[in-house]
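Peer 1: Residue-level listing of the chains:
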Amino acid sequence: MAGTIAIKNGYVFDPLNEINGDVMDIFIRDGKVVRELSAAEMQDAKVIDATGMTVMAGGVDSHSHVAGAKVNAGRQMRPEDHYKTNLMKTDLTHSGSGYTVPSVYKQGYDYAAMGYTTVFEAAVPPLEARHTHEEMRATPMLDMGGYLVLGNNWFLMRYLRDGEFDRAAAYVAWMMKTHKTYGIKCVNPAGVENWGWGDNVNNLDQANIHFEMTPREMIKGLAEVNEMLGMPMPLHLHANNLGHPGCYEITKDSLKIPDGIKAKQKMDVEWAETKMDPSRDRSVYLTHLMFNSFAGTSWGDCESGVKDVADYINNKDHVVIDSGCTPFGEATVMTGDGPAIHDLYTLTGNKWSNADIELECGSGVLPFTYLKANPVHSLQWAMGLETLLLIKDPWKTIMTTDSPNGGPFTKYPVVMAWLMSEASRKQTFSECHKWANDRSELGGVDRELSLYDIAILTRANTARTIGMAHRKGSLGLGADGDVTVYNLNPQKLDSNNYEELIRAFARAEYTIKAGEIVAKNGEIVSVPEKRTYYSEVHVEDEKEKEMLVDVKEWFRYYTLGFANYPTPEKYLANPTPIQINKER
Amino acid sequence: MAEVVLILKKEIDIKLEAEAITPDAFAGKSAEEIGKLEIWQGPKTYPLAEFFDVERNEGDFAGETAEDTLIRIKGDMLRVKKIGEGMTAGRIEIEGSAGMHVGTGMKGGEILVSGDADSWAGMEMEGGLLHIKGNAGDHVGCAYRGSWHGMKGGHIVIEGSARHQLGGGMDGGEIFVEGNVEGFCGIRQTGGLIAVRGGALRTVGVEMSGGTLLIGGRIERFSPGFEYVGSETGPSFGDFEYAGEFKKFTGDFAISKRAKGVLYVAADANPGL
Chain C
0 MAGTIAIKNG YVFDPLNEIN GDVMDIFIRD GKVVRELSAA EMQDAKVIDA
50 TGMTVMAGGV DSHSHVAGAK VNAGRQMRPE DHYKTNLMKT DLTHSGSGYT
100 VPSVYKQGYD YAAMGYTTVF EAAVPPLEAR HTHEEMRATP MLDMGGYLVL
150 GNNWFLMRYL RDGEFDRAAA YVAWMMKTHK TYGIKCVNPA GVENWGWGDN
200 VNNLDQANIH FEMTPREMIK GLAEVNEMLG MPMPLHLHAN NLGHPGCYEI
250 TKDSLKIPDG IKAKQKMDVE WAETKMDPSR DRSVYLTHLM FNSFAGTSWG
300 DCESGVKDVA DYINNKDHVV IDSGCTPFGE ATVMTGDGPA IHDLYTLTGN
350 KWSNADIELE CGSGVLPFTY LKANPVHSLQ WAMGLETLLL IKDPWKTIMT
400 TDSPNGGPFT KYPVVMAWLM SEASRKQTFS ECHKWANDRS ELGGVDRELS
450 LYDIAILTRA NTARTIGMAH RKGSLGLGAD GDVTVYNLNP QKLDSNNYEE
500 LIRAFARAEY TIKAGEIVAK NGEIVSVPEK RTYYSEVHVE DEKEKEMLVD
550 VKEWFRYYTL GFANYPTPEK YLANPTPIQI NKER
Chain W
0 MAEVVLILKK EIDIKLEAEA ITPDAFAGKS AEEIGKLEIW QGPKTYPLAE
50 FFDVERNEGD FAGETAEDTL IRIKGDMLRV KKIGEGMTAG RIEIEGSAGM
100 HVGTGMKGGE ILVSGDADSW AGMEMEGGLL HIKGNAGDHV GCAYRGSWHG
150 MKGGHIVIEG SARHQLGGGM DGGEIFVEGN VEGFCGIRQT GGLIAVRGGA
200 LRTVGVEMSG GTLLIGGRIE RFSPGFEYVG SETGPSFGDF EYAGEFKKFT
250 GDFAISKRAK GVLYVAADAN PGL
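Protein chains in written order, with numbering that gives the first Met the number 0: chain C, 0 to 583; chain W, 0 to 272.
For the record, the hints were derived by calculation from the structure and aren't laboratory data.
Don't take each hint at face value.
Using 25 Å as the maximum straight-line C-alpha spacing, the simulated DMTMM-like pairs for lysine to aspartate or glutamate come out as follows [as the list claims (entries may be wrong)]:
1) 263/C - 198/C
2) 256/W - 342/C
3) 88/C - 37/W
4) 43/W - 90/C
5) 151/W - 329/C
6) 350/C - 37/W
7) 315/C - 90/C
Okay, chain C solo, but in the shape it has when bound (with noise of 0.2 Å):
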């Protein structure tokens, strides 16, 4: 029977269920986690042995970016980047290439040989939402979903600025609907629009150019509409100055904005059965805080910020953030933020590429190579893994390399084995320049995360902070039948030994996907149907019409016609609307 399965015997890490490395079988019936199975099921039901294995919910990842114009941009420009990484063509799969951008055939098979089966692309240009739909369309297995960028979006910036929150709360609401996307990602809110002018804003009570907004206006704008309209997950924030010394401030003020506005999800779904409440309670998620954390006055002095944004976190309820660990090697960087590339161009002279997205916003593109004996580099290297070991609760942090950013998804292991393995830090910091220890904390940290912290920031915490716990990120009654099975044995953990975890995190004994084993050990055998998740947002049909009215009279501005404008659900793997804010 398809999707019908029993894992006996595991040690098993749930953390929304409080599950902390209990022997137990998790049984899965028709691709969704049940309390038991028949005999009869059981005849039929694959069963895996996961006798001294560890395991998990399936691997959810919230901020990659695996999808779109500028994905496909790095592709093109990188083909450096693929003739010495090949993906040889089985029965099952197709060819593939390509190490930090990798073709999306192969992407999907990567991210499910380490155990991962849900992945959300970080960044979706409105105009270019077709083009991620295709390639998420065409992405193996993996459950996605997408950001929107609004952050510097014409007609967000106007009703803003005009205090007009219940249009920029319709506009929202019919952007999610029409471009078939999750939720709100705001990139260096009111800078991109300045780049279009050359320019970017330095703080964040600083006016741009014609629109007269600030940082602070957008965030809060912004925050607030979310939490207006109900959405699944918080405001997705990449601060303004990414990248830039002692850019740590703007982020602890920009963290201050959304303090006081309450968070509330309004979802009509079907939720799992978890003994922690799954529903979200943060009003924003950072993403990447390593690039916005740096301190000093220069790339001469400058050092980590993080322990002072993570102090603020310790004491606030209402931040979650991703981390943006740099684990050394070749990166692509992409990001929204303009002028941050055009930054890393004059200061590395690498081929790069931008573009201005009409009225909605940016991006850029740059190849980057992070070395162990560049003393920037090896800072950041600390202060990445930094990010994820001062903020002291896992349950306001989750694990990334802002993919390909600090590097591939494919370096997650050595990240979790950094985590989890002080004697691992210590070789790192004997390999890499000082800076790493000298202008750090990390040398004084001692902490090591244990599977169930891991299981948080990759998992629970992950599918939570965006509101895909009702299915995703844990293990309990009516959750995706999504597993992950380690060959590790959390008996015989030992923390000196990190070439055994990571050699177990890269290649997962087995990933299983709504009840199928997808990969084995690495290998991929089955590839089962996947999902596309879009936030069907409802607001009053007066209010979208209103609103309608204004986007039809600025659309002269744009280069094409109204009509063309929607993505068809078509161009959607099994799309599956999450109905936000019906229930008013």
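Add chain W to chain C, keeping to what the hints say.
Peer 2: Same frame as chain C, but now just chain W:
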């Protein structure tokens, strides 16, 4: 040194990709095992024995190690790519011409091509010697498309001429050309030595920031980003001597103000400089 002889036994239509032809892959194998190594043709692989007779001069095996293994290839290899890719030791002698990517990424050992070599010979090479007795195509010792890091070490000697982008992105090692080169010789060079006894067309050393580049003949169009620093007579590098007076430049200042590339140009052949 044990000698394995490969004799081409049929005409090749779609080009082969034969990265399996290295002393490293052959070492310790019998003729039969060598014949089973996989060679790509288009989307398919075939055993090496499909295209080559595998013979040996003495003994049953190739050398115990790559170092003890000599591969002698008989026949025109212009349609066989990647011979000697990534090899670390031993020797390959091609009694004819070599296809694209001969000696790509090689780290040690020697390759002798008695005829011509097609493009990308010694691409991103790290060590060893690649000796081409005839002419070479484009991109000798160059970086792969999109990359800016070309040859890092080793030696390439070309007795004939080479074409465009010789030594592109070169970080180290040495390339000697007895004949001429065409455009973009030493583009983005950051280290190492390129010495060309003949002339060049244009864009010599553009965007170079380090390393040494010598052109012993006429440069048809000299690039504007170089600064004259003085003249030198008869510069020599190891076994290679270059008689006559040379004008010495540094650059290329067109991109970076801190460029440290050194460009020697024969004075007599370039009277206008």
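Peer 1: Evaluate each hint against the coordinates.
Peer 2: So, going through the hints one by one against the coordinates:
no., hint, in the structure
1, 263/C - 198/C, "violated, 36 Å"
2, 256/W - 342/C, "holds, 19 Å"
3, 88/C - 37/W, "holds, 16 Å"
4, 43/W - 90/C, "holds, 14 Å"
5, 151/W - 329/C, "holds, 18 Å"
6, 350/C - 37/W, "violated, 37 Å"
7, 315/C - 90/C, "violated, 52 Å"
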